[in-house]
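Line by line, the protein sequences give chains A and B.
Under numbering that gives the first Met the number 0, think of the first position of the first sequence as 0, with each following residue one higher.
Under numbering that gives the first Met the number 0, think of the first position of the second sequence as 0, with each following residue one higher.
It is possible that some hints are incorrect.
[Claimed, not checked] Below, simulated DSS-like cross-link-like pairs (lysine-lysine); rule was C-alpha separation at most 30 Å, straight line:
#	chain 1	residue 1	chain 2	residue 2
1	A	Lys69	A	Lys52
2	A	Lys139	B	Lys147
3	B	Lys147	A	Lys147
4	B	Lys147	A	Lys202
5	B	Lys202	B	Lys214
6	B	Lys52	A	Lys42
7	A	Lys52	B	Lys52
Just so you know, these hints were derived from the structure itself, not from any lab.
This one's a predicted model, so the numbers in the text were calculated from it and none came from an experiment.
Here is how the chains run, residue by residue.
Number of protein chains: 2
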Amino acid sequence: MGRKSIAEIRREEFAAAAFEVLSLHGMQGTTLQRVAEHTGASKASVLHYFSNKQALIETAMRRANTTLRKEAVALLSLASTPWERFYAVIEANFSPTTFRPEVAHGWIAMCAEVPHNPQFQRLQNAIYHRLHSNLYSALKETGADPAKANVSAHTVSLLIDGLWMRCGLQIGGLNRDEAMTQIETVIEQSFPNDIDRLAAREKMCTIAQAFVANKV
Amino acid sequence: MGRKSIAEIRREEFAAAAFEVLSLHGMQGTTLQRVAEHTGASKASVLHYFSNKQALIETAMRRANTTLRKEAVALLSLASTPWERFYAVIEANFSPTTFRPEVAHGWIAMCAEVPHNPQFQRLQNAIYHRLHSNLYSALKETGADPAKANVSAHTVSLLIDGLWMRCGLQIGGLNRDEAMTQIETVIEQSFPNDIDRLAAREKMCTIAQAFVANKV
DNA sequence: GTTTAAATTGACCGCTGAGTCAACAAAATC
DNA sequence: GATTTTGTTGACTCAGCGGTCAATTTAAAC
Chain A
0 MGRKSIAEIR
10 REEFAAAAFE
20 VLSLHGMQGT
30 TLQRVAEHTG
40 ASKASVLHYF
50 SNKQALIETA
60 MRRANTTLRK
70 EAVALLSLAS
80 TPWERFYAVI
90 EANFSPTTFR
100 PEVAHGWIAM
110 CAEVPHNPQF
120 QRLQNAIYHR
130 LHSNLYSALK
140 ETGADPAKAN
150 VSAHTVSLLI
160 DGLWMRCGLQ
170 IGGLNRDEAM
180 TQIETVIEQS
190 FPNDIDRLAA
200 REKMCTIAQA
210 FVANKV
Chain B
0 MGRKSIAEIR
10 REEFAAAAFE
20 VLSLHGMQGT
30 TLQRVAEHTG
40 ASKASVLHYF
50 SNKQALIETA
60 MRRANTTLRK
70 EAVALLSLAS
80 TPWERFYAVI
90 EANFSPTTFR
100 PEVAHGWIAM
110 CAEVPHNPQF
120 QRLQNAIYHR
130 LHSNLYSALK
140 ETGADPAKAN
150 VSAHTVSLLI
160 DGLWMRCGLQ
170 IGGLNRDEAM
180 TQIETVIEQS
190 FPNDIDRLAA
200 REKMCTIAQA
210 FVANKV
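Generate coordinates for the entire structure from the input sequences, incorporating the hints supplied.
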């Protein structure tokens, strides 16, 4: 069953290449020619598997989002308490495999296109809705006041945005640990000295590390 | 002395038009032709005043940033206490004249170009440095621990980024007031029940309103 | 081994965009 | 009023893009 058709393999290859080229050269510099070269194939071959450039880039973005989501789902499945779920989401959003300037470049490039591409708009909305929903439900189930959980979820997702932005712009040489520290200081103020929270943080941190190590 | 040379007038016109076109059509859709049409002039005329497209867009971005900075300076000059300075910066960053989706589109488009344009990189660095510096010095002079002031300044500037991002992506129909409320809830947790702070907030809010009304 | 289907590509087309240039119009200077 | 300087533009070049297509190679089926 693992056997994939050549068509599927090629589509994967080209979509992956498209995302890399996008990260490297931006939306302007992402031409069919370059994407093709990046895989060693010809431009016509790319257009054989994708009806046009827009379709290619859209699946590239969707693919990138899927890998992020999969990691989040995997970590969430290993979490057993609300706080663990909360930190699972955080860890997934700052996974060493994805929280890199190159990936952030691709993400920002997509954001810049959102106003002119309804598909991207939908995708963005879905991403934000899922993120907020995950954060909110986790926080609420810790026993927090729903209103407070809602506000905190918004704040955290805002911080995540800002941190990804800076990762892309490479301001202050931001790295994964600093990013997570930033979130922690804010959440610490809202939920101070919570023994469950701190334990969950430790646990998900090690689980995430093991998870990454395992994949390599 | 107010007399400006035609060259200066044209450069202003074209730069302003370039920013508007950028906001409307994104970086891809910002062609010399469109910018020219937007002012009623010809494409060749634009190239008479700007050596090339890149130079045009760069001055457009610099110009947009300058208007933001001027508003910040004006509000800061009306502030007399540290907390008032803090809220002057906040008000300037969420001024009704600038905190609009169209402007945010332009800003995000620039961010997407940063990795491929050293000029934009420098501009971005300058903007962030100034923002953080303003926030930090204001917070520090309220008597707060410098380390705490530093962390809070970072958090607030992160939130500002995230809020502008969402303004551009038009997620959750974010408006000015909600944005400022978000910041307030976070800062309230770090500096709770501070009578000076709340007074400063009120004052700068009304000053900013008067400032905007006065300009119209 | 032959036939059939799928995969791949070079050559080509139409179009649009950035940038050049020489010609023209309009002030400014004398 | 003649001359020079400045502003403005249409017509042009040239390159690169997305996209089509027919031809060719490769693999599969029988």
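Hints versus structure:
1. The straight-line distance between the Cα atoms of Lys69 (chain A) and Lys52 (chain A) is roughly 26 Å, inside the 30 Å bound, and the hint therefore holds.
2. Proximity of Lys139 (chain A) to Lys147 (chain B) is assessed by CA-CA distance (about 28 Å); at most 30 Å being required, the pair is judged to hold.
3. Pair hint Lys147 (chain B) plus Lys147 (chain A) holds up; C-alpha atoms about 23 Å apart against a cutoff of 30 Å.
4. In summary, the hint linking Lys147 (chain B) to Lys202 (chain A) is supported, as the alpha carbons are separated by about 27 Å, within the 30 Å threshold.
5. Annotation: proposed proximity of Lys202 (chain B) to Lys214 (chain B) holds, straight-line Cα distance about 18 Å (limit 30 Å).
6. With a CA separation close to 28 Å, the supplied pair Lys52 (chain B) and Lys42 (chain A) stays within the 30 Å bound.
7. Taking the CA atoms of Lys52 (chain A) and Lys52 (chain B), the gap is about 25 Å. The hint holds against a cut of 30 Å.
In summary, the structure agrees with every hint in the numbered list given earlier.
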